[in-house]
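Undergrad: These are the residues of each chain, in order.
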Amino acid sequence: MALSAQQVSKRIGNPATQILTSISLEIPDGQFVALTGRSGSGKSTLLYMLSGLDSVSDGAVLADGKDLSQMKRVEKAHFRNEQIGFVFQFHYLIAELTVLENVLLPAKKYGKAAERTEFAKSILEKVGLAEKHQRLPRQLSGGEEQRVAIARALIMEPKYLFADEPTGSLDSVNGEVVMKMLELANVEKKMTIIMVTHEMDFAKRAQRQIQLADGKIMHDSS
Amino acid sequence: MISLAIRYLFSRKRQSLFTLLGIFLGAAGFVIISGFFAGFRTFMIDQLVNNSAHIFIEARQEFLTTHSLDDAFFAKRISHAFWKSVPAGKKDYNRIENPEGWYKRLEADPRVDAYSPQLVVAALFSKGGTSVSATLTGCTPEQQARVNTIAANMTEGAFSEIGNGGNRIILGQELLRRLGAKLLQNILVSTGAGAPTPFQIVGVYDSGSKGGNQQAYASLADVQRANQTLNLVNQIDVRLADYEQSASVATTWSGISLEAIESWDQRNANIFTIFSLQAMMRNIIVSVVMLVAGFGIYNVLMMTVTQKMKDIAILQAMGYESWEVRSLFLFQGLVLGAIGAALGLIVGYFVCQYLETLPFGGRAGTTVPLGHLAIDLSFAIYSQAALLSILSALVASYLPARAAAHFTPIEIIRGGTE
Numbered sequence: 461m462a463l464s465a466q467q468v469s470k471r472i473g474n475p476a477t478q479i480l481t482s483i484s485l486e487i488p489d490g491q492f493v494a495l496t497g498r499s500g501s502g503k504s505t506l507l508y509m510l511s512g513l514d515s516v517s518d519g520a521v522l523a524d525g526k527d528l529s530q531m532k533r534v535e536k537a538h539f540r541n542e543q544i545g546f547v548f549q550f551h552y553l554i555a556e557l558t559v560l561e562n563v564l565l566p567a568k569k570y571g572k573a574a575e576r577t578e579f580a581k582s583i584l585e586k587v588g589l590a591e592k593h594q595r596l597p598r599q600l601s602g603g604e605e606q607r608v609a610i611a612r613a614l615i616m617e618p619k620y621l622f623a624d625e626p627t628g629s630l631d632s633v634n635g636e637v638v639m640k641m642l643e644l645a646n647v648e649k650k651m652t653i654i655m656v657t658h659e660m661d662f663a664k665r666a667q668r669q670i671q672l673a674d675g676k677i678m679h680d681s682s
Numbered sequence: 024m025i026s027l028a029i030r031y032l033f034s035r036k037r038q039s040l041f042t043l044l045g046i047f048l049g050a051a052g053f054v055i056i057s058g059f060f061a062g063f064r065t066f067m068i069d070q071l072v073n074n075s076a077h078i079f080i081e082a083r084q085e086f087l088t089t090h091s092l093d094d095a096f097f098a099k100r101i102s103h104a105f106w107k108s109v110p111a112g113k114k115d116y117n118r119i120e121n122p123e124g125w126y127k128r129l130e131a132d133p134r135v136d137a138y139s140p141q142l143v144v145a146a147l148f149s150k151g152g153t154s155v156s157a158t159l160t161g162c163t164p165e166q167q168a169r170v171n172t173i174a175a176n177m178t179e180g181a182f183s184e185i186g187n188g189g190n191r192i193i194l195g196q197e198l199l200r201r202l203g204a205k206l207l208q209n210i211l212v213s214t215g216a217g218a219p220t221p222f223q224i225v226g227v228y229d230s231g232s233k234g235g236n237q238q239a240y241a242s243l244a245d246v247q248r249a250n251q252t253l254n255l256v257n258q259i260d261v262r263l264a265d266y267e268q269s270a271s272v273a274t275t276w277s278g279i280s281l282e283a284i285e286s287w288d289q290r291n292a293n294i295f296t297i298f299s300l301q302a303m304m305r306n307i308i309v310s311v312v313m314l315v316a317g318f319g320i321y322n323v324l325m326m327t328v329t330q331k332m333k334d335i336a337i338l339q340a341m342g343y344e345s346w347e348v349r350s351l352f353l354f355q356g357l358v359l360g361a362i363g364a365a366l367g368l369i370v371g372y373f374v375c376q377y378l379e380t381l382p383f384g385g386r387a388g389t390t391v392p393l394g395h396l397a398i399d400l401s402f403a404i405y406s407q408a409a410l411l412s413i414l415s416a417l418v419a420s421y422l423p424a425r426a427a428a429h430f431t432p433i434e435i436i437r438g439g440t441e
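Listed in order, the protein sequences are those of chains A and U.
Here the first sequence stands for residues 461 to 682, numbered as in this note's numbering.
Here the second sequence stands for residues 24 to 441, numbered as in this note's numbering.
These are computed hints drawn from the structure, not numbers from a lab.
Bear in mind the structure is a predicted one, so any value in this text is a computation, not a measurement.
It cannot be assumed that every hint is accurate.
[Said to hold, decoys possible] DSS-like, lysine-lysine: derived pairs with alpha carbons at most 30 Å apart:
no., chain 1, residue 1, chain 2, residue 2
1, A, K586, U, K333
2, U, K113, A, K581
3, U, K113, A, K568
4, U, K36, A, K532
5, U, K333, A, K536
6, A, K572, U, K333
7, U, K36, A, K592
8, A, K586, A, K532
9, U, K333, A, K619
10, A, K526, U, K36
[Said to hold, decoys possible] A few chain A residues that face chain U, going by a derived Cβ cut-off under 7 Å, partial list only:
no., residue
11, Y508
12, D514
13, R540
14, Y552
15, I554
[To be verified] Covered stretches of chain U, going by a simulated chain A footprint (3 or more residues, C-beta under 8 Å):
no., stretch
16, 28-38
17, 327-338
Idealized CB from N, CA, C, for every residue including glycine.
Could you build the full structure based on these sequences and the hints that come with them?
TA: This is how it looks when you write it as structure tokens:
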């Protein structure tokens, strides 16, 4: 079983600007993939298309053989909630909710917050925020906020975790902590992780590096 | 989503409070204004319904047509008359043609509570050198007392003292004052037929209106004699068991008789026009308040949507659907509307309770407490106010909610990525 892109292209705007051109790749379950490239190379676009958050102009993205663009509304909502976790460059925590409530937000969607509370606390303990679970995001440091965002991405134990420059706004110490958390999720939970990064040191720690340039794959280490 | 919506509201307390204030004022305003106007309407209707008969049967009136006078002038000698100046105007009859027929019909009708045959004439009242023209009503006191509140409005003497003969008369306060007369004094009454007839003043009444107090009542037989029209009746006042049927009963009777028949509400149609204007005024005031309050909600929520774009994106990325994002903002509008409405209804109710204690010219014989402002506290007004407040809040929050749900997560996230 795998996540695959088949001849995927992306155009935006009118007149159309080609962002991605005929990308084909297959990511086996449990693989840690780093997408690299210069700004504007199309790596974030590819990440969002692989996650189903963005639509393809041509081609198809398949998750375990299922075309994401053919999914119905309810099915897509389930897929996003249960199969996918997101970590963005910025944490995007909800300012009005506590750390624990933010972590439990995906579980609330289908009324699973209560049953996941203990699990949420255990993740927060792993990321060193057990004592701060009742705090609001504004009472945390940038690194702590990003750790909460990772805890939130892990709460549903998704099959795929997409990370868009997760260390981009952090200092080297916090960046290292975040990277270790992603590695831990990959090793312990066998989570498929697709990470966009500019930082080659972190990219090299992934099992597979895919380099993009001008919307095309220039190098695939697999 | 509900807890998040409430957190959003609490996170911007001042804006929420001002928005709430708008809804609160709208709901309270609706309750107070509606209560006042509806109370006034009820008061006026009570006055009209209780103080007078419900249906008035009067001698028939005909409007002249082109051929109304043909027979009178040409006595069937010609088939068509062409007039240079077409006959026009109204032809009055001075009597009800078959009053006994009416009495039988009224007595047999279960909807009729009471009726009173009358002879109503214009008369000149004189005492010493003072003469005043006014309306004189001849009636049977027992019957008349059952169709209006004249007996309850007596300030001196009793209405029954006019009896069924004996030239005794009851005057309205204003007529008494203008004549400079006193109780038990004699006055002369001239109806234009024959010599003036002496009457003794045996009572005085106060109907509550200056016009109503410038009339006089005597027994039917005495007025018929004074007017030299024995056995003549030109009006029958009728009281129904249910006054709300008045208009329909009057219309039915009009269709089967030649007499001019009017109900109390048809006769006072101008007052109902005022009520309509009042209702229109109330609706305009409340609509403006609600519009301002709704605009407040719209602005606040629109601002929230702009501020919370990242939240919307992350929620959608987690699998929350458009309807859930929409409900996040609709619920905020609903909470503001419901709390604003509840506070408005409570404060409005207490203001109405206070208004009811204010002195106002109430009157005996009505359902309104004597001497206090009449305010309608009916459930319908409060439910309408609640519904209107919540509805306007929902409508005002719908557009921001729709705008929030319209975005896809990638559109929002794209702002911060390549």
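Undergrad: Each hint should be assessed against the structure and marked as holding or not.
TA: Hints, verified against the model:
Between K586(A) and K333(U) the alpha-carbon distance is near 27 Å, which keeps this suggested pair within the 30 Å criterion. The suggested pairing of K113(U) with K581(A) is violated, with an alpha-carbon distance near 95 Å, which exceeds 30 Å. Among the hinted pairs, K113(U) with K568(A) is inconsistent with the structure: their alpha-carbon atoms are about 82 Å apart, more than 30 Å. A C-alpha spacing of about 39 Å is found between K36(U) and K532(A), which places the hinted pair above 30 Å, so the restraint is violated.
Among the hinted pairs, K333(U) with K536(A) is consistent with the structure: their alpha-carbon atoms are about 20 Å apart, no more than 30 Å. Under the criterion of a C-alpha separation no larger than 30 Å, the hint pairing K572(A) with K333(U) is consistent with the structure, at around 23 Å. Pair hint K36(U) plus K592(A) holds up; C-alpha atoms about 25 Å apart against a cutoff of 30 Å. Simply put, K586(A) and K532(A) have alpha-carbon atoms about 36 Å apart, too far for the 30 Å limit, and the pair is violated.
Taking the CA atoms of K333(U) and K619(A), the gap is about 24 Å. The hint holds against a cut of 30 Å. This hinted pair does not check out: K526(A) and K36(U) have alpha carbons roughly 47 Å apart, beyond 30 Å. A hinted interface residue such as Y508(A) counts as satisfied when its beta carbon comes closer than 7 Å to some beta carbon of chain U; here the least separation is about 6 Å, so the hint holds. A hinted interface residue such as D514(A) counts as satisfied when its beta carbon comes closer than 7 Å to some beta carbon of chain U; here the least separation is about 5 Å, so the hint holds.
A distance limit of 7 Å between C-beta atoms decides the matter here; for R540(A) the minimum to chain U is near 4 Å, and the interface restraint holds. At its closest, the beta carbon of Y552(A) sits 4 Å from a beta carbon of chain U; the interface hint therefore holds under the 7 Å criterion. Proximity of I554(A) to chain U holds as hinted, the smallest CB-CB distance being about 5 Å (cut-off 7 Å). Under the rule that three or more residues need a Cβ within less than 8 Å of chain A, the assignment of the stretch 28-38 of chain U holds, with 4 such residues.
Residue count for the stretch 327-338 of chain U with a Cβ under 8 Å from a Cβ of chain A: 5. That meets the three needed, and the coverage hint holds.
Consistency with the previously given hints fails for numbers 2, 3, 4, 8, 10, ordered from lowest to highest.
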